[in-house]
Each structure stands twice: as C-alpha cells, then as structure tokens.
Amino acid sequence: MKVEISKGIEELKFALLSPEEIRRMSAVKVITPDTYDDDGYPIEKGLMDPSMGVIEPGLKCKTCGGKVDQCPGHFGHIELAMPVVHIGFIKEIYSILSSTCSNCGRIKLPDSNLKEFFEKIKDTANKLSDIEYDDIVSEVESDASEVVICPHCHFENQKVALDKPTTFREEGKKLTPKEIRERFEKIQNDDLPLIGLDPKVARPEWMILTVFPVPPVNVRPTITLETGERSEDDLTHKLVDVIRINQRLRENRDQGSPQLIIEDLWDLLQYHVTTYFDNQTPGTPPARHRSGRSLKTLVQRLKGKEGRFRSNLSGKRVNFSARTVISPEPFLSINQVGVPAKAARELTVTETATEHNFERLKELIKNGPGRDEAVYKPGVNYVYRIDGSRIKISEKNSAEVAEKMELGWQVERQMEDGDIVLFNRQPSLHRMSMMAHEVRVLPYRTFRFNLAVCAPYNADFDGDEMNLHVLQSQEARAEAEILMKVQENFLSPRFGGPIMGAIHDHITALFMLTYRNPLIPLETALHITSYIDVDRTPEPVEVDGKRYLKGRDIFSLILPEGVNLEFKGKLADKSLDPNGTEGLIRIEKGKLVNGAIDENAIGQSKGALLDYVLRKYGNAEGAKFLDNLTRLAAGVISFTGFSTGIDDEDVPGEAKAQLREVGNEAVQKVEKLIENYRNGLIGMEPGKTLEDTLESMVMKTLSQAREKSSEIASHYLGMDNSTVIMARSGARANMMNLAQMAGIIGQQSIRGQRQHRGYTNRTLPHFQKGDIGAYARGFVSSSYKEGLNPTEYFFHATGGREGLVDIAVRTSRSGYMQRRLINALEDLKVSEEGKVLDTEDSIIQLEYGEDGTDPSRSFEGDSVDVDYLVKEMFGTKYEGGKK
Amino acid sequence: MAKYNILMHEMVPEHWLVPVKEEENILKSLGVTKAQLPKIRRTDPVVKTLEKAPGIGEIVPGRIIEIVRKSRTRGIAKIYRTVIGE
Numbered sequence: 001m002k003v004e005i006s007k008g009i010e011e012l013k014f015a016l017l018s019p020e021e022i023r024r025m026s027a028v029k030v031i032t033p034d035t036y037d038d039d040g041y042p043i044e045k046g047l048m049d050p051s052m053g054v055i056e057p058g059l060k061c062k063t064c065g066g067k068v069d070q071c072p073g074h075f076g077h078i079e080l081a082m083p084v085v086h087i088g089f090i091k092e093i094y095s096i097l098s099s100t101c102s103n104c105g106r107i108k109l110p111d112s113n114l115k116e117f118f119e120k121i122k123d124t125a126n127k128l129s130d131i132e133y134d135d136i137v138s139e140v141e142s143d144a145s146e147v148v149i150c151p152h153c154h155f156e157n158q159k160v161a162l163d164k165p166t167t168f169r170e171e172g173k174k175l176t177p178k179e180i181r182e183r184f185e186k187i188q189n190d191d192l193p194l195i196g197l198d199p200k201v202a203r204p205e206w207m208i209l210t211v212f213p214v215p216p217v218n219v220r221p222t223i224t225l226e227t228g229e230r231s232e233d234d235l236t237h238k239l240v241d242v243i244r245i246n247q248r249l250r251e252n253r254d255q256g257s258p259q260l261i262i263e264d265l266w267d268l269l270q271y272h273v274t275t276y277f278d279n280q281t282p283g284t285p286p287a288r289h290r291s292g293r294s295l296k297t298l299v300q301r302l303k304g305k306e307g308r309f310r311s312n313l314s315g316k317r318v319n320f321s322a323r324t325v326i327s328p329e330p331f332l333s334i335n336q337v338g339v340p341a342k343a344a345r346e347l348t349v350t351e352t353a354t355e356h357n358f359e360r361l362k363e364l365i366k367n368g369p370g371r372d373e374a375v376y377k378p379g380v381n382y383v384y385r386i387d388g389s390r391i392k393i394s395e396k397n398s399a400e401v402a403e404k405m406e407l408g409w410q411v412e413r414q415m416e417d418g419d420i421v422l423f424n425r426q427p428s429l430h431r432m433s434m435m436a437h438e439v440r441v442l443p444y445r446t447f448r449f450n451l452a453v454c455a456p457y458n459a460d461f462d463g464d465e466m467n468l469h470v471l472q473s474q475e476a477r478a479e480a481e482i483l484m485k486v487q488e489n490f491l492s493p494r495f496g497g498p499i500m501g502a503i504h505d506h507i508t509a510l511f512m513l514t515y516r517n518p519l520i521p522l523e524t525a526l527h528i529t530s531y532i533d534v535d536r537t538p539e540p541v542e543v544d545g546k547r548y549l550k551g552r553d554i555f556s557l558i559l560p561e562g563v564n565l566e567f568k569g570k571l572a573d574k575s576l577d578p579n580g581t582e583g584l585i586r587i588e589k590g591k592l593v594n595g596a597i598d599e600n601a602i603g604q605s606k607g608a609l610l611d612y613v614l615r616k617y618g619n620a621e622g623a624k625f626l627d628n629l630t631r632l633a634a635g636v637i638s639f640t641g642f643s644t645g646i647d648d649e650d651v652p653g654e655a656k657a658q659l660r661e662v663g664n665e666a667v668q669k670v671e672k673l674i675e676n677y678r679n680g681l682i683g684m685e686p687g688k689t690l691e692d693t694l695e696s697m698v699m700k701t702l703s704q705a706r707e708k709s710s711e712i713a714s715h716y717l718g719m720d721n722s723t724v725i726m727a728r729s730g731a732r733a734n735m736m737n738l739a740q741m742a743g744i745i746g747q748q749s750i751r752g753q754r755q756h757r758g759y760t761n762r763t764l765p766h767f768q769k770g771d772i773g774a775y776a777r778g779f780v781s782s783s784y785k786e787g788l789n790p791t792e793y794f795f796h797a798t799g800g801r802e803g804l805v806d807i808a809v810r811t812s813r814s815g816y817m818q819r820r821l822i823n824a825l826e827d828l829k830v831s832e833e834g835k836v837l838d839t840e841d842s843i844i845q846l847e848y849g850e851d852g853t854d855p856s857r858s859f860e861g862d863s864v865d866v867d868y869l870v871k872e873m874f875g876t877k878y879e880g881g882k883k
Numbered sequence: 884m885a886k887y888n889i890l891m892h893e894m895v896p897e898h899w900l901v902p903v904k905e906e907e908n909i910l911k912s913l914g915v916t917k918a919q920l921p922k923i924r925r926t927d928p929v930v931k932t933l934e935k936a937p938g939i940g941e942i943v944p945g946r947i948i949e950i951v952r953k954s955r956t957r958g959i960a961k962i963y964r965t966v967i968g969e
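Sequence lines, in order, name chains A and B. For the first sequence, the positions run 1 to 883 when the numbering used here is used. For the second sequence, the positions run 884 to 969 when the numbering used here is used.
Isolated chain A, as found in the complex (with noise of 0.2 Å):
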C-alpha cells in the first residue's frame, strides 16, 4: 500500500542567461552613453529608450504600447567590445580553469575515474541528495586541480592563480577573459555535470560576459527634484561608464592602437562591470558619486539590513499607527490607553454613513478638522463621497460638507473615546506584549497607561517609547476586544497565573494602610476613598471623642462581595513581626479581618488575592479590582509620603561594633583555616581536593558572617523604615540588600569561587605572594554605606562585571534561541476539535498539549484546581493537605 504524503516545493534550479538569451529578450541595442535631449526626450538607442519601458505618466512603451501602470518595463542589451568576466562567479570561474585542461578542455582526470563519479551522479536508483552531489564535484574538482598532465591528451598543464578581485594568473601572464572563454568553449557538454553545472541551461562560458543585460528603466527610474532637475539612478549612471568605455574600447580596438592602450581600457570595461554588480568588491575602489558617496549598485540593492530582503520583503510599514513616549497614568484603567490629542487628531476610523450612526457623523463633520480646546472633540479629515472621490474637510467647507452628505459616504473619523487600538512594545516576545486597549484621549504628548500593564510589557518610564495601531474593521474591533483586551490576558499561558498586579508603591501603600490596621482620622479617610470608585464607606470607630477609619475597612471597600480567603503572607514566615499575627491574611465575606496587605496577596505573578479574585469573580471584576487598588495605593501614598534615603540605614554605634566584631572574626576564623590547612589538620571532604575543601570552608564561614551582619541589622532596623517596609512588603529590594548597605557586603565570587586570578600568586600586587586569606580572595567587610577600600572596590567591579557580562550573553542567546522556535512553530494552528495541525493538515499533535488544556485558562497548568472546588462547595472543614 502506498501512503501519499503531502509535499513542498522539492527544488529550486538556478541558470546562467546565455548571450543569446540576452539577446532574445532585449527590446533595444543600447549604443548611445546619453539619457535625454535638451528638451527632455528620451534619446534613441540611448539608455532611457522608450522601448524599455516608460516612467512618465501618459508616454506609452514603445515595444508593448503599455502605460506606466501596465507596462512591466523591458529588458535591452550592450555588446561588449571584449569579453569580461562576471564577478558572480569568479569563484566557479577559478575552479572550472583549475580542473579542466587547458588544452583539450577535458576534466584532467582518467577517464576510469570520470566514469566512477558519473556511476554515482547517474544512479537513478540510488538518487544522491544535493549535499552529496556537491561533495562529488568539489571532490571531482580538488582532485583534478592537483593533477598537471592532462591524462586525455598528454598536454602539460600550468597552475591558474586568481589575482583578485578579477585578474587570472597562468604563471605570471594574464590570461584575458578572451582566453578563458575559448577554453571553456572547448569543455564538453558531457562533463558538465561533474563540474556541477546543468548542461541543458549553463555553459561555463556564460559566465563570461559578451553581451550584457540593460535592466529597464522601471528598474532605475529617473528622480525629478522640485527645481526641475533631473537626477539618474546609481544604476543609470553605472551603464553610462561601462556604455561610455565600451565604445572608446571598441574604436580603439578597431583602428588598431597600441597593446598597452586596449589592456587599460579593457581593464575599466571589467572594472565598470564588475562595480556595476557589486560595488563592495574586496580590493576594488568603490565607484563613487561627484559628491564622494559611494554608489548603491546591484548587490548593495539586495544586501543587509536595508537591503531588499530584509527591509522590503520581511518588512513592512503600516498606516493608522502612532508611536511615542510613554508614561504612567494611575488613574486609567488597565484597559485603558492614554492617547494624546495631537496624535488622536491624525489616527482616524473610517465609518460609512448608515441611517444608524448618519446625524452622529454629522455633528463629528461639523466639528471640522478639530480645534484647540480645553475639552477634545473629535473632527473629520477626510469623506470619500459615493464614487470614491476625496473632501478634505477645512474649517470653512465642514457646515456644508455636512449637509451635503448622503448614506453611504465614508467619513474618516478622528479618534475618540472608547475607540479599540493595538498597544504594542518590542520585542514582541510573547503574546502580551501587544494587547487591546480602550482609548482616552488626553492632553500632552505621551501614551499613558495603569502601571499594572508595565509587566506584560516589560515597560518602564526611563525613555521607552511605544505602538499604537488603530483597528480599522467592526470584526477587527470584536475581535481583539474578545482576546486581545488587558483584562483577557490576566493570566499568563506561561505558569497559569496572573501576570498583571500591583508593583513597588502600590504595595507599599496598601502594606501601610493594612499593617497593624492603623486608625486613619475620618477626613483624611475620606479623602483617601474618593480616590476609589466605591459606593459606600465603612462605619468609623471612635478614640478620645475624634473619629476614625480603620485601614483594613478602607481596603476591604475595593474587595468584591463575599470573597473568603486565608493565606500566608510575606510576614509569616518572619520573626520580625513581635505577634506573629500579620502575615496570615483572612479575609472572611469581603473584610480584611487580619493580616497586612503585601506582595503575596496583590503582586504580580503571586498575589494570591488578585488570582482568586480572577477565578472566581472572572477578568471583568479582576480588571476592576485592580483599577481600584491603583487608585487607593495612590491615595494613600499621596496622604502618608514616602521616602527613604542613604540615612535609612543607619544603625546605632553598638551595631557598628558589633558588626565590625562579626567581620573580623569571620577574617580570623578564615586564618585559623588557611593555618590548620597548612598544618596538614584539614581533612579531605568526599569528591573534594584539600584546596577544594578548604575554598568551601572558606566560603561558608565567610557566608556565615553575611547572614549574622544581615541578622544584626534587621535586628536595629524597624518597621518603622521605610527601605524595611519596602523589603519586607516585598514592593522592592530585600533584607539582604539592607544588610550589604548597613553591615557587610561580603564575599565577591567569579564563576561561585573565591577571587583568585591576577598576578603570580595574588590577586593584586597589594597582597603577599601565597595570601589566601579572606581580604586576598575578594571578601569586603565594609557596607555599601561606610564605602569600600580601594582592594574591595577592585573585586567589588570584577564581580560585578561577571553579572553584566552573564545578562548580555543571556539574552541574545535566548533570543536566538526563541527566533529560531518562532520559526520552526509559526505555521502550526490549533483546529476546532483541538488538534495541532500544520499547513498541509498533517498532525502534530492529536490534542493540544496532550491534554487538551490551554494554559492561560488553567490553574497553574492544571486543568481543574480541585482545592478550591473543595473548598467552596464544602466550605474549610474539608481544607486539603496542598501546600
């Protein structure tokens, strides 16, 4: 039974255009150097003849009749007074002359082996791939490049050095293009293969130019400045050398000048060509422009970044875009995008006019194209009428414009509020970083958006600039609002779990207002609440006859009803916190009714709140909930203020000194090591060397030392510091942090070993030879406060360097890495029933994942979270064993 299998394209055959074809397909003999005449005609035979097509609108070709439009342009041709060579194929040109013979044209190997190669080359049975038959024919021409006498004929062959860029050498006389040609024209048809060459479309002396092909003018059209001068293409300018020395070659050839004379000529002719095709060629002078630019011919056309490749085939532009600035705008919503006006106004919709939306299209046309006022209302540009033909809408025509329009019109509308765009940042490395937003259009120049949405893009404020494209389409519109939307992309399809949440300030602010349930005087409660979309107010409490508001109540007014969750905050674990109460976070029927607030419950990708709050109430409340929290964070944070400075970690003198204590015993004990070590006291740890064993003796005890300073100053820092709320919130930084920049920054590794390259045994020429102590291998015992010795500083920078240098090479490895996945996978889709299919349908696999789940819809990549189904159908009597 056979099974058919689907197929590709199974192979691309690449020719040479023989003189013929060149010939054969030229509309016109080019013969004159010129372009146009005085009055701005085209010349005759000349390189802008009409009969290679025609770029000025209303002249029609002179070979197909064709206008601008229709007339694909036509190729015409130039007859070499002498043959040179292409620079394409200097390489093939080489290797062809040093394999063949140069006398019979024959491959210069017997032919006993000649019929061997051709054996495998023509099995049929056996068909090679084309890897393998290149290897034959460069074995084919390695092998015959070695031999000297030709085994056909007997004759004595020369060794071929290739000059470059284009001159062959046959012990030290020059063999013209003339020469190589007659000697390839002697090659059989019949060895052609094993030269790797398809005798049916090439034949080696192809690859000598005697005729050459004039692209048509479509090709290098003719530029006219707004002064009515006319400018040529580089190309335009590249024929009219080679045209202009080709004749100069040819008179001189024919009335019979001296040698010298037609060799140099000969030499600009293949000096043209060759800079004709590519003007980057390896020791040839670039042709240059009268202005010193050098000129953009073939190669430099196709090649590089704005090449043909890469700038017009990968890449496009698009219209309906904008890009600028961004910065941060709290009180958007996550969905929302902050446009500025001056952009709004050149972003349009086109709307055609129907019953439904015609007085409202007329008032948008009435406003005109916009005007400057405090409020923004959007205006028109353009209306296309019925028959497609275009009104700029001005201040003076818009009243009557608006009148005059029928159903039917296209209006093309400025952005308003509301609108559904693309909001996008580079690198586009997942599918979040290009989301739907609603727009609002405000004042000043930069897009703005919920800090929220920093993480999905991987946004900051430091300079970033960022895309924005309008949907032009109702389906478009529906479309990305169904799963484009911010609020559809909460959960992330890498782990399952929110990847939006509240960042830096936002968790401090709400750590603050829900650490110890701190009471709040009602005013400035008030105020804080107004910052929120809420409807009600919390029931104040009140102390010494002045009331107040509880933090925890003014939180729980942004918690959805009835949410009943308790988990473990970042406090838990801590023994900081005296009660030991504030890191177990109960909320019980929408109240916080313990526990502070922090990046366990509203952080991104671990904010247990936030993803429950997304399971249960889904993205819409989610999205709500978030929106809110910014708001209250920034309430709060405007009424408390927030600082923190070098000062905040000061510590007491005691602490001074007992941190200076830790240090130098932590040197000391490190002493004692390196003395028991060299006393022969240390013992071998399994799998270690005595060196090894004593490098991680080292390191632990020096690592000790960290942990105690780390220990000494969360001791003498409080919660009353504003760098200890941040770190023990988790908004930014840790206590590690606080330790290096009050107490000891510690050990400085390379590759997680102890300093220890440098000079001949020491690190630095500040240290004895053999000094292995704690200072010579890289340890700092001052804090980043106090500042480092310069030996400190030293290391210090050497192993910082290592964290930069592992970032760099990180991330354009992964990136590769990922292009190169994106490109394997890009074709594949998922069909209804839940199948990966590729383009031809073929199966990858019978279900998505194999199990079928989407991970952005999952509970931390599994497809039910049977704990919290439990839970709310049972309530917490049947509380799992999980986590």
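Be a bit skeptical, because a hint or two may be false.
Facing chain A, a subset of chain B residues (Cβ under 10 Å, in silico) [claimed, not checked]:
hint, residue
1, T916
2, P921
3, T932
4, P937
5, K961
6, Y963
Everything labelled a hint here was simulated from the structure, so no lab data went into it. For glycine and all other residues, C-beta sits at the position ideal for the given N, C-alpha and C.
Position chain B relative to chain A; hints supplied.
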C-alpha cells in the same frame, strides 16, 4: 539478533503494532486519515525490533504503530504513527 532489545530500554516508550482490523476504528475515533498521522520509517530501529517479535513478521508501509508514552500533562498519552518506506 542484537544483544539488547531497545524496546526494553527505560527511555523508549511502548510501541505496539495496530492490527489491520482495528486501524479503521482508531482512525475514525481520532477523526484523521492515515496520511495525516506522524510518520515512522520502516527502517527505524524500533520498527525493525518489532518485526522480530514473535507473530509479527514484516511490517509494510501503511501499517499503524501505537506509541504509549508518559506525558507530563496527561499522565499517559497514546499517539499513532504511520509506517512509511525508505
């Protein structure tokens, strides 16, 4: 006979030759054609080993092989491959 049976290796998942009678049923339940399935070469070491198993004999192109393997997401995943020539 080779010294080791590769099917016994812990890293090689279970391979079963699907009886011709059952092929249609399986394809129907999966909703695919034979050509759509992933392929496995007749010269694949696993197929060659299967051929040597008692009562199986030559496995011609067009037969289906069932592979039962452990899956991180599903526990046990069954997949099918069509035998092709070469």
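Violated constraints from the hint list, given by number and in increasing order: 3 and 4
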